[in-house]
Amino acid sequence: MKLITAIIQPEKLPDVKAALFEAKVYKMTVSNVIGCGQQMGYQETYRGTIAEVNLLKKVRIDIAVNEGFVRPTIDAIIRGARTGKIGDGKIFVSDLLECIRIRTGETGSEAIG
Amino acid sequence: MKLITAIIQPEKLPDVKAALFEAKVYKMTVSNVIGCGQQMGYQETYRGTIAEVNLLKKVRIDIAVNEGFVRPTIDAIIRGARTGKIGDGKIFVSDLLECIRIRTGETGSEAIG
Amino acid sequence: MKLITAIIQPEKLPDVKAALFEAKVYKMTVSNVIGCGQQMGYQETYRGTIAEVNLLKKVRIDIAVNEGFVRPTIDAIIRGARTGKIGDGKIFVSDLLECIRIRTGETGSEAIG
Amino acid sequence: MSRNGTEKKWSMRIGIFAALLVLAVGSIARGAEEAAGASEMSVAHSPPLPSNVMFTIHNTWMMVAAFLVFIMHLGFATVESGLNRAKNAVNILFKNTMIPAIGLLTYAVVGFNLMYPGEGNWLLGKILGFSGFGIRTDAVGLTPAYNPGYTYWTDFLFQGMFAATAATIVSGAVCERIKLKSFLVFSTLYVAIVYPWVGSWKWGGGWLDAKGFHDFAGSTLVHSVGGWAALVGAILVGPRLGKYTNGGVRPIMGHNIPMVVIGVFLLWLGWFGFNGGSVLSADPGIVSYVLVTTSLAASAGAVGAMLTSWWLQRKPDLTMVLNGILAGLVGITAGADVVSVPASVVIGLLAGILVVISVLVMDRFRVDDPVGAVSVHLVCGVWGTLAVGIWGEGKSFWTQLVGVLACGFACVIAAWVLFRAVRALIGLRVSPEEELAGLDIGEHGMEAYPDFQGFLTK
Amino acid sequence: MSRNGTEKKWSMRIGIFAALLVLAVGSIARGAEEAAGASEMSVAHSPPLPSNVMFTIHNTWMMVAAFLVFIMHLGFATVESGLNRAKNAVNILFKNTMIPAIGLLTYAVVGFNLMYPGEGNWLLGKILGFSGFGIRTDAVGLTPAYNPGYTYWTDFLFQGMFAATAATIVSGAVCERIKLKSFLVFSTLYVAIVYPWVGSWKWGGGWLDAKGFHDFAGSTLVHSVGGWAALVGAILVGPRLGKYTNGGVRPIMGHNIPMVVIGVFLLWLGWFGFNGGSVLSADPGIVSYVLVTTSLAASAGAVGAMLTSWWLQRKPDLTMVLNGILAGLVGITAGADVVSVPASVVIGLLAGILVVISVLVMDRFRVDDPVGAVSVHLVCGVWGTLAVGIWGEGKSFWTQLVGVLACGFACVIAAWVLFRAVRALIGLRVSPEEELAGLDIGEHGMEAYPDFQGFLTK
Amino acid sequence: MSRNGTEKKWSMRIGIFAALLVLAVGSIARGAEEAAGASEMSVAHSPPLPSNVMFTIHNTWMMVAAFLVFIMHLGFATVESGLNRAKNAVNILFKNTMIPAIGLLTYAVVGFNLMYPGEGNWLLGKILGFSGFGIRTDAVGLTPAYNPGYTYWTDFLFQGMFAATAATIVSGAVCERIKLKSFLVFSTLYVAIVYPWVGSWKWGGGWLDAKGFHDFAGSTLVHSVGGWAALVGAILVGPRLGKYTNGGVRPIMGHNIPMVVIGVFLLWLGWFGFNGGSVLSADPGIVSYVLVTTSLAASAGAVGAMLTSWWLQRKPDLTMVLNGILAGLVGITAGADVVSVPASVVIGLLAGILVVISVLVMDRFRVDDPVGAVSVHLVCGVWGTLAVGIWGEGKSFWTQLVGVLACGFACVIAAWVLFRAVRALIGLRVSPEEELAGLDIGEHGMEAYPDFQGFLTK
Ligand SMILES: Nc1ncnc2c1ncn2[C@@H]1O[C@H](COP(=O)(O)OP(=O)(O)O)[C@@H](O)[C@H]1O
Ligand SMILES: Nc1ncnc2c1ncn2[C@@H]1O[C@H](COP(=O)(O)OP(=O)(O)O)[C@@H](O)[C@H]1O
Ligand SMILES: Nc1ncnc2c1ncn2[C@@H]1O[C@H](COP(=O)(O)OP(=O)(O)O)[C@@H](O)[C@H]1O
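Sequence order for the protein chains is Y, W, P, B, F and L.
Residue 113, in the numbering used here, is where the first sequence stops; the numbers in between run on with no holes.
Residue 113, in the numbering used here, is where the second sequence stops; the numbers in between run on with no holes.
Residue 113, in the numbering used here, is where the third sequence stops; the numbers in between run on with no holes.
Residue 458, in the numbering used here, is where the fourth sequence stops; the numbers in between run on with no holes.
Residue 458, in the numbering used here, is where the fifth sequence stops; the numbers in between run on with no holes.
Residue 458, in the numbering used here, is where the sixth sequence stops; the numbers in between run on with no holes.
Simulated from the structure, these hints should not be mistaken for laboratory data.
Take the hints with a grain of salt, since some may be wrong.
Here are the computed distance ranges between Cβ atoms for each label pair [claimed, not checked]:
(1) L:R250 with W:S109: 34 to 44 Å
(2) B:L241 with Y:T104: 17 to 27 Å
(3) Y:T83 with B:L425: 20 to 30 Å
(4) W:E52 with L:L312: 41 to 51 Å
(5) L:I390 with B:W311: 35 to 45 Å
(6) L:L401 with F:G125: 53 to 63 Å
(7) Y:E110 with B:N246: 35 to 45 Å
(8) W:K24 with Y:T104: 20 to 30 Å
(9) P:N66 with W:E52: 18 to 28 Å
(10) W:D95 with L:R423: 30 to 40 Å
(11) B:L425 with Y:R79: 52 to 62 Å
(12) W:K24 with B:E434: 30 to 40 Å
(13) L:L425 with B:E434: 50 to 60 Å
(14) L:R423 with Y:L97: 51 to 61 Å
Pulled a few chain F residues facing chain Y out of the computed Cβ check, cut under 10 Å [to be verified]:
(15) L241
(16) G242
(17) T245
(18) G247
(19) R250
(20) S431
(21) E433
(22) H444
(23) P450
(24) G454
Heads up, the beta-carbon is just placed ideally off N, CA and C, and yes, glycines get one too.
With the sequences and hints as input, model every part of the structure.
Structure representation (structure tokens):
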């Protein structure tokens, strides 16, 4: 089992969701984050003083999948999120040792789906 | 060391916290997330148009523990969060290579507790 | 590749950011969390009833780095976040299997930086 | 998620409700059509005669007072929603928006004529009177002959604005768990019938008036009438999930304190019209005196609540201070015109102290009143009415007590019957699932703050 | 991120704008200086003669009415920003703050004299008049000889407060995507010229007035004048990104519903001055009658919208109820003084139903109007004006229709020309990147709620 | 977390405060009891005599003006809390809620009689007068014999509403870091003694009045009196942590900009009463003229600030425009009755420009004034007062300057002494830990928005 974590542009969330649903990935956990990467940020001015805002709004998606789903999931995210502009984001993949469904107590790859 | 990540129903947070405290797990990090899984979501209507809301409010709990605590922590979370209804959530376990306490610089299993 | 996750005091975020930039770590993802650890929390009273607030506001920083950057990144975080008081926070390190830049499709250590 | 049987029945009921509404509209129509010729003619011709001068001033003042009372509904809306959780904000605001609308319409159909039946229209002693459906007037209604202080229409407007207040008070005590439909039905009936009926006893020239009961602007007739129903409602609907756990009381915090502050200031502002307008003319001496006692009582209420809360809670609680201001205002409402300046300060100060203690005591008895409506409107309404018996020159404590008890008795019975009837027919309370997810999603399918990431529980 | 060419050009244009402003100020100055001696002398001496009594009352009422109309601008500001996304709140509030400021200044420079040219100053039939730049008066302007109901200054203030309303209405339909500069230029011109020009046809004693067209407080002259421009603007600027996807309509939710409620209550309050003040005196009978029809129409609008929305949307939508109140108010505005009480209820009820249907229909036609400005102000403005022809005694439906069409024709042409000119010169719409990130960052470099973690999309 | 020594001492001090309060109440009581018979009798009998007609109109107007001034306190509360961080919102609102309450009570006990001592009660030249504790009147106080424009009670109410304004201004400059207790003690004393004392020099008929100093509604007597104390307070309490870092200024953003807009509109509305009521009668000519100059100055202030901010900051800053409106209002306050219409526009425009520059300059000098209180109230208060010397017919620039300097001198000394005394006894500033976590938790143990996930720093 793998955990796929994607950081994407907030406005791409609906597209990524749609792409994931198409790829039959229905489970995910989403949260708001702010981040900086190659995007340069922008300036805010407030009452005459300038703030360099380099942490931009992003959305983080976590998806736990069985091995066979890793590639399709990543592809779906890329399909949904890519615009070709700086700021499109990153996908991280890490290993998952165990997954438990709280409701039933099932574990492992049955629990994930 | 392991990292235990649980996604639970928001209203079960107080119960899970209580169960964890009983199990002598006092350290955790909590955040708001929205997620979709087997729960179907619901419809919102706004000014006559319908939105399918399939990302529901959830709470995410991250707990870093030493090996011996993995089972008790998982059990406590299940005890606190289970209602038997769809939407109860999931627990994910992954491996943690290192843990450092910023204040003292301690590392490893001393730092975790 | 490693994923470094730090939980720090919210007011130290600007300092940690500055320390990371000095260490030439420019990429990160930040989110709000609440957490409990050795800090005891505090009491709120609302309309005559008392609430024990043991989940305090914290900031979580996630940084994916190549092996060579692990130490400098951790040191920078500690430099920026340490006050010596309880509540300074923790740093967790875990393994990262893959990293993909959505924009270009690059993978691995090129994608991370 | 498909329209099931219950919902179909509901559509039907809504249809019936609509039909009743149309009937009601019709009944106003009939009345008014008759009078239309007369009234509109007179409107068109009403000449600014010299004899009209004082009348025009008084009437202008009374219209301004009506505006001020109107804005109290916004005050209630913001106080209530601010003191509750974000997940119920839309629902609370929905109720507080519909209440003045429904209140004005029902007051036009029956309320006004139940409350001010006029001499010849008492049906049952001086306990129940009614002068027919709808509002209408002839040319006299636009002259000082109707009343030296205002026209018929100003009269209706000012009193109509008052009317809905009673239901709004209830709303605050039963919120975050009562079904929308149940609340709307209850409050429509309460405001259409119970409030004007009890009000007629004193302000309509009924038996309490004859006994010499003094309630200047409604500590009893408005605030405790609402407060009793709030108490009954809070008991019948039960506490919110998670409020009282075994052995403990868990605070459920208001989600938007600035909005509560906005509401309390608007209520204070509105009270200038509520009390100032209750003089029923722009008499310079009396009105300005009433405004001073009103303001000082509000101020003293703030100070009383601040000190009490600081003392009891270790840190001064802003929501208590805000309740303290309202407490002072409710307290002075019965006697603003007959107590001395120092007495007004004392009444306000004690109201501010009382309200804090009452909020704590209510939690002891596990009566869950999210905004402190019972403590503010009932406890301080009673206190203010009795205070007239203490400090009001020539007022009798016993008569005041009789008025308090009589109104309390009537309101408790009426509210109990109505709430039980509603419970039997529709049920009072939303499902626990809906309560946990919030009534905004459950009752309205929408959120108050969709752009913000929030907690449902902590 | 460096100052590029376009921005330099902008600085220049701002300079020109400033220059024009200075000119404008100068022109007020000139006029006023001439009159200053006279007016100030008279101010200092104006003795409270007995003959002034009614005048003083009327004038006091009219000043209060002006305050109430003023506060409507806050109502518009909160309704609009609440019904849109958090990322555009600063931008919307900016526009709604500048509009009354610009409106008052331009009204002082040209608007007042375009709208009320006075008998001798018609330039073109009774279609266009102008009595010169700036505001000024002699001693007579402070006496009943000017007008039995108010001084020259009160007249300017009351009408000036009305003026900016038209631009505010447009703002609600084009928000979340129009460039700040483009909007400011458009609305300055629309409010300076188009609104007073069309208004002069009726209220300035022009040709529509001569025809017997009845528009008491401006269902047509204010609301539909704004509404037509809103419609034109919404069409020309196009829908917001992501609102209409292939085949579907995606709701874009308002970020702060409590603020919308605050706004609607303030607008209702303001309408007491809008309609009540349009009597142009404190006449007790007429003013209080107008307040009653106004309130009942608003209430009925709420009920109509609630039932319709409950029916069509399965759950009652608070924003629809709030629109319903405004719909009822807009609807009654044309005939508040001439329709009967039951007719006022029917007008409001139908307006409340109409507005819900209209909001749904607009989305069918893919006209993206985030706050429902067209549905509220245009549709119900037209409805209210025609309703006068149905229920207003002695009013002709056809004359009303002529008025509606004539104003509509003029406004659509004017708005189209202005918007196209602005589009050609500056462009209307922000870049898609700016729209996605929000105009608060793009146009103002600041956020409305920087302390809160929020969603940009869900 | 246990009650330690310092806190015990505090409980004691609260006790003493309470005792003083009781004493104060007592003193009002005594005075009023004496007069009660007389005043209440007269209240009951005051007949609406023809001779009372103008009096009743004037008094009604003055009461409305008092309401408008009252609502300014809500304006201040929302502006201040909106311009600061969410973690300090409860604390700021707490102060702004208590200030009018404390202000009214202290004004009843001493302020009114310090400010308007009356002819015979000057103790020290025409520099300090006092006519005893408490408020009371006989029957004459309710007739035109007291004042042709208002009753004794209206007088008290209108002036009492003004009183608290000065303290509110200070609040905005020292917030987010001053201890609650320290602020309450300071502002109670400042509003009870310093404000009415300085005010008596002009409005109480003291030496400045004799010199011909002109300050119509208080650019100096209210706004700069508050502004000087704000400046002294901001300096003494020091900047907020993290505002000035080595070499740089870090913006600390306001957490709720819509609330700031609400506040500014309410302040503008309130200013109609502040300036319009300062005519002290409903005189149609003067009052309406004052309202026009007031509105145009506010509008011009918005435009001035918009252009300046657009120019200097590259993008137009909404908070600057809002400050600009207030700047225009403060600026016109001294001369609203004596300057011409074009002069009012120029005064407002320059005030709007001045305020933006002043905000920037203050940061240069590292005086941390979170809401721009000094820039708005002091800088523009001084500007407005001097502008009377420039454009006011027959007014002397030098006399105006003397007034500005004299008041400034007195206020700076008084504020300095009071703040230093408070610092010595209680300390001025919360601990850095409390400041970082927010005063809401530290001083009140509660949060303003507990349901929302927010940032403490970014
Ligand atoms: N090494 C990293 N560690 C943590 N988060 C990262 C890292 N690189 C990128 N991110 C996240 O991804 C977001 C987008 O990164 P960016 O470099 O701007 O995208 P792109 O590579 O498409 O140009 C950042 O705002 C940040 O939140
Ligand atoms: N594979 C997954 N990857 C990421 N998050 C998941 C996954 N499965 C479930 N979740 C999270 O857990 C929540 C509850 O899942 P759900 O399937 O509804 O619970 P249950 O299995 O108890 O019925 C989801 O809303 C989502 O946030
Ligand atoms: N074992 C853990 N698992 C998850 N989060 C933790 C753990 N230990 C600490 N944290 C996070 O770190 C924060 C600071 O921890 P704390 O123990 O108070 O710091 P310190 O060790 O510097 O005294 C906590 O609020 C919590 O969010």
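Now the hints, each set against the structure:
1. L:R250 with W:S109: 34 to 44 Å: holds, 40 Å
2. B:L241 with Y:T104: 17 to 27 Å: With Cβ atoms ~25 Å apart, the hint holds.
3. Y:T83 with B:L425: 20 to 30 Å: Check failed, 56 Å falls outside 20 to 30 Å.
4. W:E52 with L:L312: 41 to 51 Å: holds, 47 Å
5. L:I390 with B:W311: 35 to 45 Å: violated, 54 Å
6. L:L401 with F:G125: 53 to 63 Å: holds, 56 Å
7. Y:E110 with B:N246: 35 to 45 Å: holds, 37 Å
8. W:K24 with Y:T104: 20 to 30 Å: Holds - the Cβ-Cβ distance for W:K24 and Y:T104, about 26 Å, lies within 20 to 30 Å.
9. P:N66 with W:E52: 18 to 28 Å: violated, 41 Å
10. W:D95 with L:R423: 30 to 40 Å: Hint violated: Cβ distance 56 Å, outside 30 to 40 Å.
11. B:L425 with Y:R79: 52 to 62 Å: 53 Å Cβ-Cβ, so the 52 to 62 Å window holds.
12. W:K24 with B:E434: 30 to 40 Å: Because 36 Å falls inside the window, the suggested range holds.
13. L:L425 with B:E434: 50 to 60 Å: Roughly 54 Å apart at Cβ, these two residues keep to the hinted range, so it holds.
14. L:R423 with Y:L97: 51 to 61 Å: holds, 59 Å
15. L241: holds, 8 Å
16. G242: Holds. Min distance 8 Å.
17. T245: holds, 9 Å
18. G247: Since the shortest Cβ distance to chain Y is 13 Å, the answer is violated.
19. R250: Check passed: Cβ of F:R250 comes within 8 Å of chain Y, closer than 10 Å.
20. S431: violated, 13 Å
21. E433: holds, 9 Å
22. H444: Status holds, d = 8 Å.
23. P450: holds, 8 Å
24. G454: Hint on F:G454: holds, closest Cβ of chain Y at ~7 Å, below 10 Å.
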